[in-house]
Amino acid sequence: MTHTPDTDVIICGTGAAGLTLAIDLARRNVGFLLIDKAAHPFIGSRGKGIQPRSQEVFEDLGVIDRIVASGGEYPVQRFHTDEGPVDKAVVEMSDPTPDEPYRIPLLVPQFLTERRLRERLTELGHAPHYSHELVGFDQDADGVTARIATPDGERTVRASYLIGADGGSSFVRKALGIGFPGKTLGVRAIVADVLVDGVSSDAWHRWGEDTAAQVSMCPLYGTDMFQLQAPIPFDVDIDLSAEGLTSFLHERSGRTDVVIHSVSWASAFEMNARLADTYRRERVFLTGDAAHCHPPTGGQGLNTSVQDAYNLGWKLAAVLDGAPESLLSTYEKERRPIAEAVLGLSERLLEAAKNRDTHRGREVSQLDLGYVDSPLSMSSPDRAHGVRAGDRAPDAPVTGAGGLPTRLFTLFQGPHWTLLGHDVDDAPAPAPRTGLRIHVIGGGGDILDTGGHVHSAYGLSSGQWVLVRPDGYVAAVVGTADLDSLAPYLDAVGIRPVPMAQPHHTGTSAGMTAPSPSAAPRTRREHRRFRSAAEQRLATAQRELHQLSRQVQRDLRSVRRQGETTAIVARSNFAELAVQSITRLAANLRTDPSDRSGRGDQ
1 MTHTPDTDVI
11 ICGTGAAGLT
21 LAIDLARRNV
31 GFLLIDKAAH
41 PFIGSRGKGI
51 QPRSQEVFED
61 LGVIDRIVAS
71 GGEYPVQRFH
81 TDEGPVDKAV
91 VEMSDPTPDE
101 PYRIPLLVPQ
111 FLTERRLRER
121 LTELGHAPHY
131 SHELVGFDQD
141 ADGVTARIAT
151 PDGERTVRAS
161 YLIGADGGSS
171 FVRKALGIGF
181 PGKTLGVRAI
191 VADVLVDGVS
201 SDAWHRWGED
211 TAAQVSMCPL
221 YGTDMFQLQA
231 PIPFDVDIDL
241 SAEGLTSFLH
251 ERSGRTDVVI
261 HSVSWASAFE
271 MNARLADTYR
281 RERVFLTGDA
291 AHCHPPTGGQ
301 GLNTSVQDAY
311 NLGWKLAAVL
321 DGAPESLLST
331 YEKERRPIAE
341 AVLGLSERLL
351 EAAKNRDTHR
361 GREVSQLDLG
371 YVDSPLSMSS
381 PDRAHGVRAG
391 DRAPDAPVTG
401 AGGLPTRLFT
411 LFQGPHWTLL
421 GHDVDDAPAP
431 APRTGLRIHV
441 IGGGGDILDT
451 GGHVHSAYGL
461 SSGQWVLVRP
471 DGYVAAVVGT
481 ADLDSLAPYL
491 DAVGIRPVPM
501 AQPHHTGTSA
511 GMTAPSPSAA
521 PRTRREHRRF
531 RSAAEQRLAT
541 AQRELHQLSR
551 QVQRDLRSVR
561 RQGETTAIVA
571 RSNFAELAVQ
581 SITRLAANLR
591 TDPSDRSGRG
601 DQ
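Residue numbers for the sequence shown follow the numbering used here, so the first one is 1 and each next one is one higher.
To be clear, the hints were calculated from the coordinates, so they are not data collected in a lab. Treat the hints loosely; a few may be bogus.
Unchecked claim - Computed list of lysine-lysine pairs in BS3-like fashion (alpha-carbon distance at most 30 Å, straight line):
#1 Lys37 with Lys174
#2 Lys37 with Lys183
#3 Lys174 with Lys333
#4 Lys333 with Lys183
Stated by the list, open to error - Quick list of simulated restraints, FRET-style, between CB atoms:
#5 Ala175 with Asp446: 33 to 43 Å
#6 His385 with Pro488: 26 to 36 Å
#7 Leu195 with Gly254: 19 to 29 Å
#8 Phe269 with Val86: 38 to 48 Å
#9 Asp87 with Glu154: 51 to 61 Å
#10 His385 with Ala38: 22 to 32 Å
#11 Gly177 with Ala401: 25 to 35 Å
#12 Ser461 with Glu92: 54 to 64 Å
#13 Phe269 with Ala492: 41 to 51 Å
#14 Arg158 with Phe269: 55 to 65 Å
#15 Ala492 with Thr81: 42 to 52 Å
#16 Asp446 with Ala89: 22 to 32 Å
#17 Ala401 with Ala492: 48 to 58 Å
Ideal Cβ placement from N, Cα and C applies to all residues, glycine included.
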């Protein structure tokens, strides 16, 4: 027996991963329920580093400017030594390039990042549900039935998929019995967000000559607070109050003029490196910290989590819209190797930090990570240079044929796929497909590579086409002669050809086609699109009626002012206007039979 789902996806966890996934699903018109057992949003600064690749993701999601405005660039690290303070750069400060517009990591407290993501989600018409705890779930071939404890009692929700974005102690992962192997890294630490006097906000202050005695105070841009960090022994209880942390800081730094006035959030934790045995069990997926746990060195955890969700979102939407279920298997194949590599990097950076080497280079930017070995990457064995399938798709400034400047990232922005043809001359463009945008670069095309930046970044030859995924990675590079090879690929990821118009049938209005009796049933997403179109038709009708009413009033005023002869003309004009308007309204409001029959499934 099948059960009609209440929603498409349940997302358990409202951290950066859960919010990113929710935003991506919302802009794709996928129904979801976003829940968290916490009574309110997370208030700590924990994952404060936003790497360049995540900044590109946030641009696509429409939130990058607000996130940048919420924080700032990393300050210099100021080591307080017996000989005096010594300033060192934390990260390499590189100027942006045409293909990499974001090259400097940002320092943004995690609670501000998540606040901006919630604001974006609200703009899309959704909000998280707090004090909603997932207490159990069962799954079958058709979906997942979740039991959720709410302030109003337990409720049962049926969904097509369940996503565990509920952190390192994930209830979803444990309920599935998925192993979380790894190791404790031999470091216990405290982190706290504090209001403090006695330190300047122009530097990340560090005291202590060795690991056991060090302590640091990092300004949290966008707030008046500092983040206190320090390693602590495993067998010692630490007083995390303002008074306790002030005494702790005095002991470690020797500075009695530094006073902590309040603590908004604090935690004592052991550093771990762990990776889930699998990211999926049937219709239940893990993402973010539920799937991998990192030490904080290098600022990789939140960024890896955001990009997990960014990878999963478009695949869930595609399958819910009719793409083959096998597409979802590529999520783990692509993301688990990334997490494994990032875990290794974080561990190496932790070892370096023990020796006071806190320098961070390009390796933490995540710009060079990709999916070259993915089953979604069409191999191009003859490409000796330029981008390959699986590489991150570079940005480039270009000019529209209308003369206005734009960027490739602007063309990519949104939930669609993009196909770029480079100097393809008079070659016929591929047939249109739903969810695919096609641009031709060069003479006769709609985009001009005025500065040669596309050619430089992509290494395309004349007559070549590059297919870019919704998450900004290259799917394929083919020549015009091989364009037909993209058809089965696009079919497999749910990018379908535009249906051919059906012959007119009796009873069908002019300019409209009757649906084929053998047409496939509409998906929930298609029903939502038709409902939106109907709402637009209704709005148009309301505007028409308003205009008609105003015209009537004008004609009546004319009758009163100018007498009966003019009134006859006015009534004639009005009658003609009324016939035209009613004809337009009838055409706009007429709905095909399959639309009417599908409304009960919305």
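> Going through the earlier hints one by one, which of them does the structure break, listed in rising order?
Replying inline: The structure breaks hints 5, 8, 10, 11, 12, 14, 15, 16 and 17; every other hint is satisfied.
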